[in-house]
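*Asks:* Chains as they are written, first to last, in the working numbering: chain B, 1 to 399; chain A, 1 to 399; chain Z, 1 to 399; chain D, 1 to 399.
There could be a bad hint or two in this list.
Just so you know, same-sequence chains aren't split out, so a pair can sit in one copy or run between any two.
Claimed, not checked - Below 27 angstroms or equal to it, Euclidean Cα-Cα: the simulated DSSO-like pairs (lysine-lysine) are: (1) K2 with K235; (2) K101 with K213; (3) K235 with K339; (4) K222 with K100; (5) K393 with K235; (6) K393 with K135; (7) K55 with K101; (8) K100 with K48; (9) K82 with K373.
I should point out that these hints are in silico values taken from the structure, not numbers from a laboratory. Keep in mind the model is a prediction, meaning the values are calculated, not measured.
There are 4 protein chains.
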Amino acid sequence: MKTGLAHLYIPGPTNVPEVVRRAMNVPMQDHRASDFDQLTGSIFEDLKAVYGTTKGRVALFPGSGTGCWEAAITNTLNPGDKVLMARHGHFSHLWVEMAKKLDLDVQVVDVAWGAGVPVNEFARILGADRHGDIKAVFVTHNETATGVTSDVAAVRAVLDGALHDALLFVDGVSSIGSIPFRMDDWGVDLAVTGSQKGLMSPAGMGMLAISEKALRAAQTSKMRRAFFDLADMLKQHDLGSFPYTPPVPLLHGLKAALNRMMDEGLPNIHARHKRLANGVRRAVAAWGLDLCAEHPTLYSDTVTAIRTPEGVDARDVIRIAYDRYNCSLGSGLGPLSGKAFRIGHLGDLNEGMCLTAIALAEMALVEAGARIKLGSGVAAAQEAYVMRPAEAKLRLAAE
Amino acid sequence: MKTGLAHLYIPGPTNVPEVVRRAMNVPMQDHRASDFDQLTGSIFEDLKAVYGTTKGRVALFPGSGTGCWEAAITNTLNPGDKVLMARHGHFSHLWVEMAKKLDLDVQVVDVAWGAGVPVNEFARILGADRHGDIKAVFVTHNETATGVTSDVAAVRAVLDGALHDALLFVDGVSSIGSIPFRMDDWGVDLAVTGSQKGLMSPAGMGMLAISEKALRAAQTSKMRRAFFDLADMLKQHDLGSFPYTPPVPLLHGLKAALNRMMDEGLPNIHARHKRLANGVRRAVAAWGLDLCAEHPTLYSDTVTAIRTPEGVDARDVIRIAYDRYNCSLGSGLGPLSGKAFRIGHLGDLNEGMCLTAIALAEMALVEAGARIKLGSGVAAAQEAYVMRPAEAKLRLAAE
Amino acid sequence: MKTGLAHLYIPGPTNVPEVVRRAMNVPMQDHRASDFDQLTGSIFEDLKAVYGTTKGRVALFPGSGTGCWEAAITNTLNPGDKVLMARHGHFSHLWVEMAKKLDLDVQVVDVAWGAGVPVNEFARILGADRHGDIKAVFVTHNETATGVTSDVAAVRAVLDGALHDALLFVDGVSSIGSIPFRMDDWGVDLAVTGSQKGLMSPAGMGMLAISEKALRAAQTSKMRRAFFDLADMLKQHDLGSFPYTPPVPLLHGLKAALNRMMDEGLPNIHARHKRLANGVRRAVAAWGLDLCAEHPTLYSDTVTAIRTPEGVDARDVIRIAYDRYNCSLGSGLGPLSGKAFRIGHLGDLNEGMCLTAIALAEMALVEAGARIKLGSGVAAAQEAYVMRPAEAKLRLAAE
Amino acid sequence: MKTGLAHLYIPGPTNVPEVVRRAMNVPMQDHRASDFDQLTGSIFEDLKAVYGTTKGRVALFPGSGTGCWEAAITNTLNPGDKVLMARHGHFSHLWVEMAKKLDLDVQVVDVAWGAGVPVNEFARILGADRHGDIKAVFVTHNETATGVTSDVAAVRAVLDGALHDALLFVDGVSSIGSIPFRMDDWGVDLAVTGSQKGLMSPAGMGMLAISEKALRAAQTSKMRRAFFDLADMLKQHDLGSFPYTPPVPLLHGLKAALNRMMDEGLPNIHARHKRLANGVRRAVAAWGLDLCAEHPTLYSDTVTAIRTPEGVDARDVIRIAYDRYNCSLGSGLGPLSGKAFRIGHLGDLNEGMCLTAIALAEMALVEAGARIKLGSGVAAAQEAYVMRPAEAKLRLAAE
């Protein structure tokens with residue numbers, strides 16, 4: 001029988017803050033009530049801040065981030081439209097598959113799982129697209145499967161350099177809210193995220209941010225859509241409502257989560273993610289293991305994907321952590337199955353939580369046969385987190 | 001400032017039982033964990049019982065019942081397919097609109113808002129459809145806007161009588177779980193419902209039941225779909241999971257709600273709804289007001305739509321009930337706006353709750369200008385609910 | 001199987017507001033933490049406002065109001081002290097019993113259960129007590145068993161008139177927070193209440209307010225006490241803490257309840273209780289039944305005790321309400337058992353709740369054999385609550 | 001701003017299991033309802049199992065363990081009774097103070113804070129007490145302040161050896177439910193515990209177990225008592241109820257906690273505490289620090305009290321852990337203030353939680369100036385917890 005806290009260190013759903021959990025403990029209510037916009041109003045405003053947009057709009061779709069991938073496509077493109085996508089991990093792969101299902105003409109650039117978006121190759125392709133056949137470029141900002149963060153601004157620069165008019169789609173499911181995202185600055189046209197990662201809430205809502213340019217494109221899109229119809233949604237959002245019954249407890253939770261995020265401040269949240277992620281990576285280095293991410297410039301501050309050593313099945317690591325230590329780690333997906341496991345370190349997190357994840361991962365690694373010195377990863381992370389006594393004393397004195 | 005209980009008598013979301021609310025008070029968990037099917041397993045089985053099917057399958061789509069309308073269409077039909085639908089209230093109207101958006105060739109039979117599905121007209125049309133051009137017939141089992149329950153079995157008889165092979169789609173959003181639904185017996189092919197009505201849970205999940213015939217149709221459907229792809233969903237359901245992150249707290253709630261429903265027993269639930277609804281209708285009769293439903297055979301046991309008297313704006317009734325008495329009543333939709341209000345009486349309900357709704361509705365009616373005797377509706381409902389003292393004594397003795 | 005809302009209309013515990021329930025949904029925390037006073041601080045201040053004291057202090061004892069009865073006695077009196085008490089209901093009876101157990105020399109004035117504190121008799125006794133042998137006078141402000149509110153100010157006037165120095169003890173368990181209480185103005189020295197009535201929280205905490213005079217008396221009291229030692233408690237309260245581990249979730253709940261009460265405003269709360277209680281009494285009058293309270297000047301605005309007609313066993317009424325209608329009514333206590341039942345109407349309440357209680361009580365009465373016209377009580381209460389249409393229209397326009 | 005989980009490693013209140021937390025999320029209910037014993041019934045039975053008694057009875061007092069100390073004394077002893085107590089830590093000190101307040105004639109044996117109950121000295125004193133003047137012997141089973149578990153069976157043996165008839169009182173607040181307790185076997189007469197430690201619930205209830213011999217003593221005790229009157233309480237417990245309003249949510253929680261404990265099994269719970277505590281002690285050894293407990297036979301499996309090195313103020317360690325790492329550690333009490341801190345490791349706990357506490361304590365120690373190798377304590381605990389890969393493989397295969 002499992003006892004004690006369930007240690008949850010997957011890259012989503014993440015640990016929901018108490019204040020969010022508390023907020024969701026509600027009886028039902030009428031989403032058509034005259035004062036329902038008191039619940040929803042601040043959500044839209046705060047989400048715009050999280051996205052880094054003042055000019056765009058945000059729509060909330062019940063469902064998930066996957067649903068918003070679909071909403072982004074079906075509201076702005078047309079069947080047969082040519083789009084440019086990279087495939088470098090499980091989630092970019094799934095997005096490619098969806099684009100094909102939705103009858104887009106997908107030009108896929110395959111790169112290694114562990115690489116980032118191939119900016120140079122994108123530059124070459126877009127530069128060669130003299131007639132603007134490519135209607136959209138898709139970027140997976142943070143490939144959750146490999147722990148790789150790609151450079152959205154660089155893709156924007158490539159588009160601008162090629163004077164190319166394609167829409168820029170970004171999957172920010174495991175990045176937005178946790179690491180910097182600047183929709184307006186980067187000229188992102190459609191940005192997708194979900195409630196259950198950086199937004200610190202349960203799954204059940206997807207968010208889609210839409211630029212003014214994308215809103216214009218939406219007026220001419222003829223793709224079939226109903227549930228994910230953006231015009232219907234925005235029309236109701238203008239009234240603080242939804243075209244169909246929304247998951248009210250989740251809205252209460254999301255509102256509380258956004259309040260908590262605004263209290264911490266986005267720059268502080270981003271700095272915290274960087275600091276905590278750094279500790280996790282130090283631990284991996286101390287173990288002598290490799291990351292999936294190919295280069296430090298690609299390291300994700302929200303999830304770390306770790307290759308297990310030769311002869312150690314990553315599935316055993318995950319299974320031991322779960323069965324014996326009540327700890328959920330992320331699995332290796334697709335070709336990485338058995339070869340990698342992942343530690344999610346995003347959302348409402350602190351040092352103790354990262355140290356817990358590291359301590360349990362190293363126990364599971366050792367039990368699965370890895371030759372790792374127990375405590376080595378924890379010590380390395382602690383070194384990254386600890387404050388010198390002199391500094392600590394000053395702080396104590398100042399408080 | 002509003003004080004005390006918020007009295008919720010809209011036809012959904014309905015009042016969530018405490019046992020469901022409690023079950024949703026959970027930390028997050030990994031939906032990819034090896035034991036996740038312990039959460040989901042009984043849900044699928046219990047839902048089949050609620051639908052009255054042993055041969056069909058049930059899929060759970062994060063989102064809402066509206067999403068399942070779309071899933072039903074996009075997984076089994078093809079663009080341009082001719083379908084037969086009736087429009088006799090706001091929700092059948094919305095379903096027609098969706099079918100058009102999804103490029104179906106909709107033959108709409110318009111009848112009065114307050115009438116049921118026009119079975120004879122359907123018989124005529126289907127009988128005339130010699131070449132089987134009509135691929136599907138859509139029935140709104142319970143038109144939530146008018147409080148009208150239609151006869152699904154009669155539509156099945158018409159199809160059978162015409163030896164017509166069309167698929168039978170049923171919207172059971174405000175009926176399934178509350179009043180009898182016999183998917184297998186009635187030969188329903190696609191039946192849609194949502195979590196927030198008879199299933200006593202918050203909104204956020206839609207349920208789609210699919211007959212074997214519909215599953216076969218799904219194999220040849222070429223309509224574009226992604227989020228609502230049935231094959232992907234069923235494949236994951238076979239493993240107790242979902243193709244994307246599901247709303248875990250809602251699953252816990254739904255499981256608890258189904259357990260509670262199985263404890264009460266479906267026949268008892270149906271009998272309770274009939275008994276409680278009868279009391280509400282007696283109250284309306286005592287007020288001297290008309291129902292939207294045209295005939296007693298159409299009366300819905302889950303929602304009653306009530307026409308306000310000449311000169312009384314139904315929106316005032318609703319507003320007074322909400323602002324002064326912390327009571328949510330359903331509004332008149334579309335052409336019924338201002339002319340009708342609705343009392344939802346479904347889900348986890350008892351006599352006291354119905355009496356509360358009636359008592360507050362009559363206060364709001366009087367304050368909005370209706371000439372109604374205070375207490376008259378309550379007394380009529382009490383008469384419907386009360387037990388004779390002799391019988392009550394026997395019961396007390398027997399306990 | 002019981003379904004739907006459990007209708008709770010006993011005079012405590014009362015219906016806990018959602019905001020309180022939500023606040024209690026917390027993980028545990030260290031009550032010795034440096035910032036624990038952030039939780040407790042406002043509680044003490046707000047309680048003083050509820051008590052109507054600026055000069056006195058308030059202590060929170062884990063346990064219940066009963067515990068605070070004991071704390072009041074053991075911290076300020078001495079074994080063998082003569083005290084003056086009235087017995088006119090179950091709770092004043094229990095307090096007398098406790099005083100005897102604690103070795104006080106109790107002079108009991110017995111009056112009818114249904115009468116108030118016998119002010120004139122008290123005046124006579126106190127006037128005759130030339131040597132000040134009586135050390136304390138005990139008043140049950142609101143006798144919960146009979147629905148009788150006594151006149152504390154009149155007892156103060158009697159003490160002052162007799163130039164008598166006795167301490168004035170008041171049991172305000174079912175009054176404080178719901179009806180006016182003016183500790184300083186009335187010269188109350190020790191006032192007891194509990195968390196589960198007007199303070200809208202679960203049971204588990206008792207509150208004791210102590211005047212400056214009582215604090216002085218506490219310095220010379222030699223009665224044995226430990227758990228309920230006031231000096232220990234106040235010393236810790238000064239630090240925002242407790243001498244032993246307090247029930248932390250209840251503190252969160254109490255804080256939220258007090259915030260909600262301050263938002264509504266004490267005068268508004270008192271007016272609401274008066275208005276709602278009036279409706280309940282109108283219902284009883286319409287039924288043709290008698291109250292236990294002997295005279296309108298004694299009517300309690302927090303609880304109404306109703307005598308059942310000849311031949312109707314009040315226990316049957318209560319049992320039917322509970323078993324058949326999921327409704328908890330208060331029972332007749334002691335000599336009133338079988339002869340009376342009680343409706344609690346205090347705390348976080350509104351019109352719909354009172355109408356529910358009345359509607360279900362009249363069903364239970366009829367089923368138990370009472371000759372009562374169904375709906376009559378509800379109609380009478382509605383008449384008390386309803387607004388004239390013209391006025392309602394003005395209100396709607398003004399909003 | 002603090003983020004992430006609050007890490008709670010004080011020796012109570014302990015981390016409440018989710019299943020308990022969920023169970024407490026309830027609306028209020030009538031504790032006088034006919035079916036209230038359905039809630040309370042199993043609680044009394046399960047508590048007897050936890051206490052290791054089949055012959056004794058258990059009473060639940062709203063309040064805390066401290067209240068049950070008082071209940072134990074005031075229900076079985078008489079003013080002026082001579083009792084034998086040891087003082088070897090803050091909580092045994094507080095119990096001595098209470099006994100004095102309650103007018104007992106306390107013979108205190110002072111031993112070092114860090115020593116256990118002085119069994120030999122007790123033997124000498126009891127042997128010398130020819131006339132049986134000593135009416136009771138008090139043992140603090142687990143001195144929470146020093147992390148010392150004393151040998152209750154040895155005290156029983158001493159009493160038996162001296163043919164002494166004194167009652168045996170045991171404070172088991174931080175032991176019962178976590179480490180073996182055998183009330184019947186050890187001849188314990190009065191055993192006190194609280195809801196917030198091994199019983200995995202919030203504070204707010206104390207439990208008192210009473211032997212048959214103590215029940216007989218209770219019949220002749222003449223000490224004043226009211227709230228803590230045992231006869232009143234047991235009489236109501238026989239009906240499944242309480243003499244005053246109990247904290248209903250806590251009862252729901254306690255019931256769920258006991259169910260969870262019975263599911264795990266008491267021997268498994270005890271083994272788990274031993275195993276986890278061993279890891280914590282290994283960590284302390286790796287740090288090179290001393291325990292307060294003087295000898296390994298005294299080591300408590302529920303709490304470890306650790307002396308900080310010369311020059312390191314334990315208050316700084318605690319403050320850094322709390323302010324910087326959102327981690328609550330126990331403080332040094334009384335003479336140990338500033339010289340020791342404590343890690344609570346009891347209740348619903350697992351390896352990951354202990355490793356978290358150790359990792360954060362070592363960070364706080366280093367920042368407070370201790371010369372400790374980061375990771376050293378974690379590594380030592382991991383060594384204690386880890387399974388050899390070969391064994392792990394066998395386990396995985398067997399699952």
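*Asks:* Please go over all the hints and tell whether each is borne out by the structure.
*Replies:* The hints, checked one at a time:
{"no.": "1", "hint": "K2 with K235", "verdict": "neither (48 angstroms within a copy, 29 angstroms between copies)"}
{"no.": "2", "hint": "K101 with K213", "verdict": "both (25 angstroms within a copy, 24 angstroms between copies)"}
{"no.": "3", "hint": "K235 with K339", "verdict": "between (47 angstroms within a copy, 25 angstroms between copies)"}
{"no.": "4", "hint": "K222 with K100", "verdict": "both (17 angstroms within a copy, 13 angstroms between copies)"}
{"no.": "5", "hint": "K393 with K235", "verdict": "neither (56 angstroms within a copy, 31 angstroms between copies)"}
{"no.": "6", "hint": "K393 with K135", "verdict": "neither (58 angstroms within a copy, 52 angstroms between copies)"}
{"no.": "7", "hint": "K55 with K101", "verdict": "neither (31 angstroms within a copy, 29 angstroms between copies)"}
{"no.": "8", "hint": "K100 with K48", "verdict": "neither (30 angstroms within a copy, 33 angstroms between copies)"}
{"no.": "9", "hint": "K82 with K373", "verdict": "neither (51 angstroms within a copy, 58 angstroms between copies)"}
Hints 1, 5, 6, 7, 8, 9 from the earlier list are contradicted by this structure; the remaining hints agree with it.
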